[in-house]
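Participant: Sequence:
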Amino acid sequence: MLNPKYKVLIEEANIRGKDHVSMQLCGELLSLNHVIVEQCGERVGQYALSEGRFVVMLLLYNMGELTPSELSSMTGLTRSAMTSVMDFLEKHHYAVRNMGSTDRRSFTVSMVDDGKVFFEKVLESQLDWLACLSDNLDTDEKQQFLHLTRKMALGLKQD
Numbered sequence: 026m027l028n029p030k031y032k033v034l035i036e037e038a039n040i041r042g043k044d045h046v047s048m049q050l051c052g053e054l055l056s057l058n059h060v061i062v063e064q065c066g067e068r069v070g071q072y073a074l075s076e077g078r079f080v081v082m083l084l085l086y087n088m089g090e091l092t093p094s095e096l097s098s099m100t101g102l103t104r105s106a107m108t109s110v111m112d113f114l115e116k117h118h119y120a121v122r123n124m125g126s127t128d129r130r131s132f133t134v135s136m137v138d139d140g141k142v143f144f145e146k147v148l149e150s151q152l153d154w155l156a157c158l159s160d161n162l163d164t165d166e167k168q169q170f171l172h173l174t175r176k177m178a179l180g181l182k183q184d
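Just so you know, we're using the working numbering here: the sequence shown kicks off at 26 and counts up by one.
Derived by calculation from the structure, the hints in this document are not laboratory data. There is no bait here: all hints are sound.
Simulated crosslink set (DSSO-like; lysine-lysine; CA at most 27 Å straight-line):
#	residue 1	residue 2
1	Lys141	Lys116
2	Lys32	Lys182
3	Lys43	Lys176
4	Lys43	Lys32
5	Lys30	Lys176
6	Lys182	Lys30
7	Lys43	Lys182
8	Lys182	Lys167
9	Lys32	Lys176
10	Lys146	Lys116
11	Lys30	Lys43
Ranges between beta-carbon positions, derived for each pair:
#	residue 1	residue 2	range
12	Glu67	Gly101	17 to 25 Å
13	Glu95	Glu67	27 to 35 Å
14	Glu145	Lys30	34 to 42 Å
Even for Gly, the Cβ is constructed at its ideal location relative to N, Cα and C.
Please take these sequences and the hints and turn them into a complete structure.
Facilitator: Shown next as structure tokens:
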């Protein structure tokens, strides 16, 4: 599971007298993250969605009508990527652009009923899969892992 580039980094840390166990921990976390992101993309890809499309649909499904600017800031997608996602959602009749009443240049995006029905299937599948990722951990291990990752995150914020 450990990506070869992290193996080399761990070896270098060990040679230089650095905390190679910390390097291994980071390598394992980053490798795990890579696999999860990759598999997540493959899973939503079965529905002709990318991660960006999925996240935009999730936000629209959960929050209702949003502007492209709001969606961009929440997803980290560029304006051009957001336009591409909106074009896709409109083309497949999952969402519509709602023109502003006072300024025709401004608009919001909202999901239509067909989009909601479609997304419910995708979301249910994703939630089931994500829940299974930690099935081999018991409740205490899950809580401990959560605690430790949060503790590591606090250390990052201090830099």
